[in-house]
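I would like the entire structure built from these sequences, with the hints used as guidance.
Residue numbers (our numbering), protein chains in the order written: chain A, 9 to 529; chain B, 9 to 529.
Careful: at least some of the hints might be erroneous.
Which copy is meant is left open, so a pair is good if it fits within one copy or across any two.
Here are the computed lysine to any residue pairs in the SDA-like style, where the Cα-Cα straight-line distance is at most 25 Å [claimed, not checked]:
hint, residue 1, residue 2
1, Lys489, Gln130
2, Lys265, Asp115
3, Lys181, Val42
4, Lys506, Glu458
5, Lys157, Gly63
6, Lys56, Ala227
7, Lys496, Gly51
8, Lys489, Gly87
9, Lys117, Leu107
10, Lys506, Gln118
11, Lys354, Gly51
If you are wondering where the hints come from, they were derived from the structure by calculation, not from laboratory data.
Number of protein chains: 2
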Amino acid sequence: PKSRFSTAEATVVLRENGKTREKTLTMGTLNPQVKAVEYAVRGPIVTKAGDIERGLQQGQKHPFTEVIKANIGDSHAMGQKPITFLRQVVALCSFPELLDSSSFPEDAKQRARRILQGCGGQSLGSYSASQGVDCIRQDVAVYIEQRDKGVPADWDNIYLTTGASDGIVSILKMLVSGQGRSRSGVMIPIPQYPLYSAAISEMEAVQINYYLDEDNCWALDINELHRAYQAAKEHCHPRVICIINPGNPTGQVQSKKCIEEVLHFAYEENLFVMSDEVYQDNVYSPDCQFHSFKKVLYEMGPEYFNTVELASFHSTSKGYSGECGFRGGYMEVLNLDLEVKAQLVKLLSIRLCPPVSGQAAMDVIVNPPLPHEPSYLQFHKEKSAVLGALAEKAQMTEQILNTVPGIKCNPVQGAMYAFPRIFIPPRAFVSLLQSLGMSPDMMYCLRLLEETGICLVPGSGFGQREGTYHFRMTILPTTEKLKVLLEKLRDFHIKFLKEYAPLEEPKRSEDDTQEALKQFR
Amino acid sequence: PKSRFSTAEATVVLRENGKTREKTLTMGTLNPQVKAVEYAVRGPIVTKAGDIERGLQQGQKHPFTEVIKANIGDSHAMGQKPITFLRQVVALCSFPELLDSSSFPEDAKQRARRILQGCGGQSLGSYSASQGVDCIRQDVAVYIEQRDKGVPADWDNIYLTTGASDGIVSILKMLVSGQGRSRSGVMIPIPQYPLYSAAISEMEAVQINYYLDEDNCWALDINELHRAYQAAKEHCHPRVICIINPGNPTGQVQSKKCIEEVLHFAYEENLFVMSDEVYQDNVYSPDCQFHSFKKVLYEMGPEYFNTVELASFHSTSKGYSGECGFRGGYMEVLNLDLEVKAQLVKLLSIRLCPPVSGQAAMDVIVNPPLPHEPSYLQFHKEKSAVLGALAEKAQMTEQILNTVPGIKCNPVQGAMYAFPRIFIPPRAFVSLLQSLGMSPDMMYCLRLLEETGICLVPGSGFGQREGTYHFRMTILPTTEKLKVLLEKLRDFHIKFLKEYAPLEEPKRSEDDTQEALKQFR
Numbered sequence: 009p010k011s012r013f014s015t016a017e018a019t020v021v022l023r024e025n026g027k028t029r030e031k032t033l034t035m036g037t038l039n040p041q042v043k044a045v046e047y048a049v050r051g052p053i054v055t056k057a058g059d060i061e062r063g064l065q066q067g068q069k070h071p072f073t074e075v076i077k078a079n080i081g082d083s084h085a086m087g088q089k090p091i092t093f094l095r096q097v098v099a100l101c102s103f104p105e106l107l108d109s110s111s112f113p114e115d116a117k118q119r120a121r122r123i124l125q126g127c128g129g130q131s132l133g134s135y136s137a138s139q140g141v142d143c144i145r146q147d148v149a150v151y152i153e154q155r156d157k158g159v160p161a162d163w164d165n166i167y168l169t170t171g172a173s174d175g176i177v178s179i180l181k182m183l184v185s186g187q188g189r190s191r192s193g194v195m196i197p198i199p200q201y202p203l204y205s206a207a208i209s210e211m212e213a214v215q216i217n218y219y220l221d222e223d224n225c226w227a228l229d230i231n232e233l234h235r236a237y238q239a240a241k242e243h244c245h246p247r248v249i250c251i252i253n254p255g256n257p258t259g260q261v262q263s264k265k266c267i268e269e270v271l272h273f274a275y276e277e278n279l280f281v282m283s284d285e286v287y288q289d290n291v292y293s294p295d296c297q298f299h300s301f302k303k304v305l306y307e308m309g310p311e312y313f314n315t316v317e318l319a320s321f322h323s324t325s326k327g328y329s330g331e332c333g334f335r336g337g338y339m340e341v342l343n344l345d346l347e348v349k350a351q352l353v354k355l356l357s358i359r360l361c362p363p364v365s366g367q368a369a370m371d372v373i374v375n376p377p378l379p380h381e382p383s384y385l386q387f388h389k390e391k392s393a394v395l396g397a398l399a400e401k402a403q404m405t406e407q408i409l410n411t412v413p414g415i416k417c418n419p420v421q422g423a424m425y426a427f428p429r430i431f432i433p434p435r436a437f438v439s440l441l442q443s444l445g446m447s448p449d450m451m452y453c454l455r456l457l458e459e460t461g462i463c464l465v466p467g468s469g470f471g472q473r474e475g476t477y478h479f480r481m482t483i484l485p486t487t488e489k490l491k492v493l494l495e496k497l498r499d500f501h502i503k504f505l506k507e508y509a510p511l512e513e514p515k516r517s518e519d520d521t522q523e524a525l526k527q528f529r
Numbered sequence: 009p010k011s012r013f014s015t016a017e018a019t020v021v022l023r024e025n026g027k028t029r030e031k032t033l034t035m036g037t038l039n040p041q042v043k044a045v046e047y048a049v050r051g052p053i054v055t056k057a058g059d060i061e062r063g064l065q066q067g068q069k070h071p072f073t074e075v076i077k078a079n080i081g082d083s084h085a086m087g088q089k090p091i092t093f094l095r096q097v098v099a100l101c102s103f104p105e106l107l108d109s110s111s112f113p114e115d116a117k118q119r120a121r122r123i124l125q126g127c128g129g130q131s132l133g134s135y136s137a138s139q140g141v142d143c144i145r146q147d148v149a150v151y152i153e154q155r156d157k158g159v160p161a162d163w164d165n166i167y168l169t170t171g172a173s174d175g176i177v178s179i180l181k182m183l184v185s186g187q188g189r190s191r192s193g194v195m196i197p198i199p200q201y202p203l204y205s206a207a208i209s210e211m212e213a214v215q216i217n218y219y220l221d222e223d224n225c226w227a228l229d230i231n232e233l234h235r236a237y238q239a240a241k242e243h244c245h246p247r248v249i250c251i252i253n254p255g256n257p258t259g260q261v262q263s264k265k266c267i268e269e270v271l272h273f274a275y276e277e278n279l280f281v282m283s284d285e286v287y288q289d290n291v292y293s294p295d296c297q298f299h300s301f302k303k304v305l306y307e308m309g310p311e312y313f314n315t316v317e318l319a320s321f322h323s324t325s326k327g328y329s330g331e332c333g334f335r336g337g338y339m340e341v342l343n344l345d346l347e348v349k350a351q352l353v354k355l356l357s358i359r360l361c362p363p364v365s366g367q368a369a370m371d372v373i374v375n376p377p378l379p380h381e382p383s384y385l386q387f388h389k390e391k392s393a394v395l396g397a398l399a400e401k402a403q404m405t406e407q408i409l410n411t412v413p414g415i416k417c418n419p420v421q422g423a424m425y426a427f428p429r430i431f432i433p434p435r436a437f438v439s440l441l442q443s444l445g446m447s448p449d450m451m452y453c454l455r456l457l458e459e460t461g462i463c464l465v466p467g468s469g470f471g472q473r474e475g476t477y478h479f480r481m482t483i484l485p486t487t488e489k490l491k492v493l494l495e496k497l498r499d500f501h502i503k504f505l506k507e508y509a510p511l512e513e514p515k516r517s518e519d520d521t522q523e524a525l526k527q528f529r
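Take a look at the structure:
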């Protein structure tokens with residue numbers, strides 16, 4: 009066949025008869041929307057970390073003996089043990105013969121029986137309805153009502169999802185329309201979790217950045233929302249505002265007042281609100297409390313509660329259970345137009361249903377053992393242990409990082425990450441880094457990985473104010489491993505500073521770090 | 009805020025202050041690509057069936073006492089029992105304390121230990137790599153090599169997926185590019201499984217129909233491929249050909265010669281081949297055999313095997329296990345350009361990973377008990393029972409349907425469906441149906457549902473030659489229920505014919521039906 013693409017674009021295959029044949033799918037013919045997508049949480053640094061890890065296993069020499077992955081919120085991979093009750097229920101659902109076993113507690117069996125009753129043929133192997141298993145959606149609604157102190161929740165508004173990501177992408181997909189100046193604009197925080205920028209880019213929507221206030225513990229500033237909105241109106245049609253609370257990668261927990269302001273703004277400007285609340289159980293700072301957007305909307309009165317279109321998202325992957333692999337999640341969607349709702353269900357039905365074992369895991373999270381039930385004590389103990397350790401590690405991470413000259417870390421009020429600012433001496437990137445076409449924070453994280461085995465994600469993967477540099481690290485390694493990580497990071501950073509800014513004297517000394525570490529021993 | 013949309017488009021909300029406020033997301037502002045999507049397998053007939061089912065439960069009167077759902081390939085919902093070994097492995101992975109239990113066989117424990125070794129923190133709750141757990145991908149490669157009698161399979165080409173649908177959509181997404189006449193065209197069979205048309209429509213690719221030959225047992229005719237390709241070249245850039253083998257909804261099993269012709273055609277025209285082989289274990293006709301596209305490509309010689317870009321798809325949902333709810337699957341992608349491959353992994357990484365319990369289920373399907381292992385006998389017995397019953401029901405469905413005047417059904421050689429042609433008297437749709445803006449087969453299925461409780465999918469949901477009408481029904485109900493279904497369907501069809509074509513004498517009588525049914529008693 010004759011060549012369809014220039015050889016610059018095409019991968020040319022030499023045929024046996026001496027003729028060439030280009031591949032059908034090449035970088036030249038690849039969907040440009042796919043090409044444009046970026047997702048740093050599993051980006052080049054992480055790929056490199058995997059290569060190094062395999063190298064170590066094969067006996068390659070590195071200046072370290074293990075790779076410490078602090079790039080992704082994957083609790084179990086970092087050693088957290090599953091919640092026993094949750095796994096009992098999933099095992100019972102998977103192999104119902106165990107319902108006759110005396111080694112499973114009655115409350116776990118009762119949950120499993122109820123879930124199986126809701127499944128076609130009483131099997132986890134049936135497709136569920138596209139919105140999810142009815143009784144699990146009902147349990148979600150009850151959970152939300154209790155969480156929100158009685159604000160009504162209708163299970164008809166609940167959709168089970170394949171992790172939160174799936175729900176977020178589905179809702180965004182509904183909202184993208186128009187061309188040119190009327191193309192949908194989506195307001196997202198900067199820094200953000202890169203699922204948002206990836207989905208926006210893939211759908212060719214317009215990304216509208218509103219910057220969180222790093223100097224004010226990454227708080228959302230309503231004036232910044234107005235600024236971003238007004239500027240964006242010139243070239244697109246802003247239709248959605250996304251909020252991540254508690255924040256990812258920033259770890260801040262929003263105040264009730266702040267949420268009210270956002271909702272008032274969304275009401276006035278007719279914006280659809282997407283509230284990513286997957287870290288709702290991960291609040292560590294005693295000064296902070298999780299307020300759901302829905303509850304705040306309710307308290308603003310019926311004019312708001314019956315009007316503002318709000319989708320909120322939750323997941324099995326975070327919180328205290330950390331069950332990422334099950335890909336469980338739900339979304340609650342308020343005030344959706346009825347015809348649009350039918351369209352949403354149609355859209356979801358193409359993928360048939362979310363994984364039913366993930367739905368079962370979600371059920372346990374919204375319907376945990378009650379005080380009078382046999383599994384309550386163990387469940388409560390396991391849950392508290394996980395959340396207590398996370399709270400300690402959140403505090404430790406902030407404090408240790410702040411003893412390092414040239415690193416400044418806001419309090420990790422919630423979620424699972426620190427997003428410290430790092431000062432990279434101008435000489436470092438002027439002389440060396442930019443020549444390689446790499447962002448300075450990417451080069452920083454790459455060197456950190458190569459020299460210490462620590463795998464973090466560069467701030468540029470989440471977005472940051474121009475001229476500022478950060479990295480995201482999880483607080484998920486065990487306390488012991490986290491200490492090692494923080495000390496190695498400190499040493500690396502000081503060495504890095506000395507190399508590129510030898511004349512500047514570090515303001516804080518190693519003694520500070522050791523002093524700070526003491527309290528966590 | 010001032011109104012942004014005309015009231016014809018917008019859902020207007022009356023505010024308390026008397027002003028109106030339109031919703032942000034309305035049928036007028038909804039993503040038009042979402043609006044355009046259709047998915048009949050869970051379409052309006054199925055929604056109606058759900059309503060009727062709930063009505064029956066609440067005591068509403070209908071001319072029947074139960075809804076029989078033959079609309080979707082959901083084996084467990086229709087009463088098929090899970091394969092014990094598969095569920096044992098999943099339960100062991102979910103709750104590893106069971107590894108100490110003496111009530112689980114050693115081979116199941118060995119599978120579970122191996123899978124857990126491959127998971128971060130040895131937990132099903134960790135994210136896997138975006139391509140899936142390494143050792144499961146290795147097992148898939150070994151399975152493919154054995155299935156294909158030694159044709160080499162590289163586990164680096166294996167991607168675990170969230171059911172087959174997920175893989176199909178991901179590959180299609182990569183392949184869509186260009187504008188106007190250079191927009192990607194995707195060749196799909198008609199009739200087709202509507203995931204394809206839905207994905208094509210959502211991505212605004214160009215759908216190129218090639219018609220399967222109903223008069224020749226739904227075989228794929230190479231001349232029809234050429235016709236469709238040549239016609240499409242005028243207005244788009246055909247870049248992909250999709251094949252479903254065994255066929256859905258048509259149940260045909262492709263001959264080796266036919267597959268060779270398709271692959272030669274794809275080679276000549278530089279088409280990317282997507283081969284949907286989820287029914288590879290569902291072949292019933294003794295004259296037919298499943299040939300994988302990959303094996304045939306291999307046997308065509310290295311010029312083909314090293315050149316043609318081929319993605320093939322498999323799933324836990326079909327075959328003999330019918331584990332739809334776990335959303336497990338894999339794809340094997342051959343001859344993918346290396347840079348494009350990195351882009352595919354990037355795209356998959358945004359959704360993090362397929363459900364890990366589904367990956368575990370997939371592992372059992374590709375790595376079942378061996379003859380010397382303790383679970384072999386029971387596994388083999390269960391597998392044979394499922395496949396034997398399906399083969400019997402395939403034959404029964406075809407034979408009974410062919411005793412009904414005005415219904416003509418091709419042999420159900422494989423898969424899980426019959427797709428018979430129904431003759432709808434012109435009076436039926438001229439007088440009544442078209443006035444309601446409904447396709448005649450949709451109206452037929454709706455009346456069937458309302459009068460008998462049988463839920464089928466109209467042929468128009470899959471595509472059919474103009475002027476012909478069909479429905480898709482699964483062969484999954486139990487033998488007893490399937491008999492009831494077929495008899496009710498027969499009576500309905502004859503009544504329908506009498507109503508709209510009273511002068512035509514039915515050519516076959518009820519005696520034929522009863523005679524045919526006898527052999528299945």
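Which holds for Lys489 with Gln130 at a C-alpha limit of 25 Å: within a copy, between copies, both or neither? Between copies, since 18 Å is at most 25 Å while 44 Å is not.
25 Å Cα threshold - placement of Asp115 relative to Lys265: neither (40 Å within a copy, 58 Å between copies)
Check Lys181 against Val42 for me: Cα-Cα at most 25 Å, and say if that holds within a copy, between copies, both or neither. Intra 15 Å, inter 8 Å, cutoff 25 Å: intra and inter.
Up to 25 Å CA-CA - Gly87 versus Lys489, copy category: within (10 Å within a copy, 50 Å between copies)
Is the C-alpha distance from Lys117 to Leu107 at most 25 Å within one copy, between copies, in both cases, or in neither? Classified as both: same-chain Cα gap 6 Å, cross-chain 19 Å, threshold 25 Å.
Within a copy, between copies, both or neither: where do Lys157 and Gly63 come within 25 Å Cα-Cα? This pair counts as neither: shortest intra-copy Cα distance 53 Å, inter-copy 33 Å.
Up to 25 Å between alpha-carbons, please classify Lys56 paired with Ala227: within, between, both or neither. Classified as neither: same-chain Cα gap 33 Å, cross-chain 48 Å, threshold 25 Å.
Under a CA distance limit of 25 Å, which applies to Lys496 and Gly51: within one copy, between copies, both, or neither? within (22 Å within a copy, 57 Å between copies)
How would you classify Lys506 and Glu458 at a CA-CA limit of 25 Å: within, between, both, or neither? within (18 Å within a copy, 80 Å between copies)
Is it within, between, both, or neither for Lys506 and Gln118, if the alpha carbons may be no more than 25 Å apart? Answer is neither: 62 Å inside a copy and 53 Å across each miss the 25 Å cutoff.
My question is about Lys354 and Gly51: at a cut-off of 25 Å on alpha-carbon distance, are they close within one copy, between copies, both, or neither? between (33 Å within a copy, 8 Å between copies)
Comparing the model with each earlier hint shows violations of hints 2, 5, 6, 10; every other hint is respected.
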